[in-house]
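A.B. asks: If you're matching them up, the sequences are chains L and V in order. For the first sequence, position 148 matches number 239 in my numbering, and the numbering has no gaps at all. For the second sequence, position 98 matches number 149 in my numbering, and the numbering has no gaps at all.
Just so you know, these hints were derived from the structure itself, not from any lab. Owing to the predicted nature of the structure, the values given are computational and were not obtained by experimental measurement. There's no promise every hint is true.
What the hints assert, rightly or not - Among chain L residues calculated to face chain V with C-beta under 8 Å, some are:
| id | residue |
| --- | --- |
| 1 | G133 |
| 2 | W135 |
| 3 | K183 |
| 4 | Y194 |
| 5 | Q195 |
| 6 | D199 |
| 7 | T207 |
| 8 | C210 |
| 9 | K273 |
Unchecked claim - With a Cα cut of at most 20 Å, we get these calculated PhoX-like pairs of lysine-lysine:
| id | chain 1 | residue 1 | chain 2 | residue 2 |
| --- | --- | --- | --- | --- |
| 10 | V | K71 | L | K141 |
| 11 | V | K101 | L | K157 |
| 12 | V | K233 | L | K141 |
C-beta: ideal position from N, C-alpha, C; glycine also.
Here is how the chains run, residue by residue.
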Amino acid sequence: MTGFLNDYSGPFQPDFNHEKLDREALLRILKANSNYLRRLDGTWYITVMKRFGNEAAFDCDARIWKKFILYEAKSVSEMYNIKGSDVAAVLKLIQASPWMWAYQREYDLVDNNCGTITCRNCETLYNLEKEGTHRYKQICNVLCRSLFELRAHYINRAIKLTPLQLPPREEGNDVCCRWEFKIEEKV
Amino acid sequence: MTKFLPDYSGPFRPDFSHEKLNRDALLNILKANSDYLRRLDATWYVTVMKKRGNELAFECDTEIWEKFINYELDMVCETLNIRGNDVETLIKAMQATPWMWVHNRTFEMPEKNRAVVTFRDCQTLFHLEKEGTERWDTICHALERRLFERTADYFNPRIKVAALKLPPRKRGSDVCCQWEFKLEE
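Generate the whole structure from the sequences, applying the supplied hints.
C.D. replies: Now the structure itself:
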């Protein structure tokens, strides 16, 4: 018996916080928080877009995330104690993002200098596809690319990013996007 | 016995997720996530404010949070199995917000149908005080009140919200704001 709570269905506790909960409850919250983050960020984008147009919203989004992703990379690498300057370190950094549960991604490490990420279940792309405005050209092909690149360069500026597959998806294709990270050998 | 990891300093694992981590690591991540959330939300606000001015940024913020608070309450109550329609239920849901580590708050229930929430350490107010623009008029007096009213309505429209203390803080006061939630007879 751990004495930790599995939920907060019991009486009010003046000093309640996450420290009172068991591992299973903490995991549930973390999973829900990923989606909370995605929705909060998405709601800001859509609200600004409806008022000032997509160009203004995308400009804000790009400005915010180009700085914010470095804050995320620093805090994640410190919190998870991720060290190193190879592709394995980049994949670990991206796996450990607070958004991890918002997307279904596969990570393949060919060797420490080459790896791929395949995204098979991206709510953001599904929403963009429904919207039918081709905004994926900015969000996925420009912004996502830039954010993957910034994280790779946070670890090592010699890592090259190549998109292997990008939206629009072909009919029946379950891959939303696929990226390769590689350190080129010096000749 | 499953061996959970204290961090991710070891080799790459293709199937890594929070499920591989031990309880202490999960707790640390949740604490950090609170600040991540606050920063992300604030960065959106400040970016829109710089481009379009405070009035329009505040309008966006209000529109977003008036909707988003219901989603947050749904999520919190579902994840932690918080049920009911009294002041106690409302206070439990407020305690369990994903933002809990951002603010140092105390929750008191002097009576069954009355609670007092005191914010003693609010990063948002500290930033506003540094900024010196008195934006607490909108953020704390208007939006925060609106969100607490929405939260009370979510559980029971008969729960009324009153501000007991609001910014600006008096010299030497460590209370950022204080609110009362009371179920009307």
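A.B. asks: Double-check L:Q195 for me: the hint is only fine if its C-beta lies closer than 8 Å to a C-beta in chain V.
C.D. replies: This hint is violated: L:Q195 lies away from chain V, its Cβ roughly 11 Å from the closest one there, beyond 8 Å.
A.B. asks: With a cut-off of 20 Å on the C-alpha distance, tell me whether V:K101 and L:K157 pass.
C.D. replies: 16 Å, holds
A.B. asks: With a cut-off of 8 Å on the beta carbons, see whether L:K273 makes it to chain V.
C.D. replies: 15 Å, violated
A.B. asks: Does L:T207 pass the interface check with chain V, least Cβ-Cβ distance below 8 Å?
C.D. replies: 11 Å, violated
A.B. asks: Less than 8 Å between beta-carbons is the criterion; does L:W135 satisfy it with respect to chain V?
C.D. replies: 4 Å, holds
A.B. asks: Need the status of pair V:K71, L:K141: alpha-carbon distance at most 20 Å?
C.D. replies: 40 Å, violated
A.B. asks: Check whether the Cα positions of V:K233 and L:K141 lie no farther apart than 20 Å.
C.D. replies: Not satisfied, since the Cα-Cα distance of roughly 37 Å exceeds 20 Å.
A.B. asks: Are L:G133 and chain V close enough, Cβ to Cβ, to be under 8 Å, as the hint says?
C.D. replies: The hint is violated - L:G133 has no Cβ within 8 Å of chain V, the shortest such distance being about 10 Å.
A.B. asks: If you take the shortest Cβ to Cβ gap from L:K183 to chain V, is it below 8 Å?
C.D. replies: 6 Å, holds
A.B. asks: Given a cut of 8 Å on the nearest C-beta pair, is the interface hint for L:C210 held or broken against chain V?
C.D. replies: 14 Å, violated
A.B. asks: Can we keep the L:Y194 interface hint, with Cβ of chain V closer than 8 Å?
C.D. replies: 11 Å, violated
A.B. asks: Just to be careful: measuring from the Cβ of L:D199 to every Cβ in chain V, is the smallest value less than 8 Å?
C.D. replies: With a closest approach of 7 Å, the L:D199 hint holds.
Taken one by one, the earlier hints fail for this structure at numbers 1, 4, 5, 7, 8, 9, 10 and 12, listed in ascending order.
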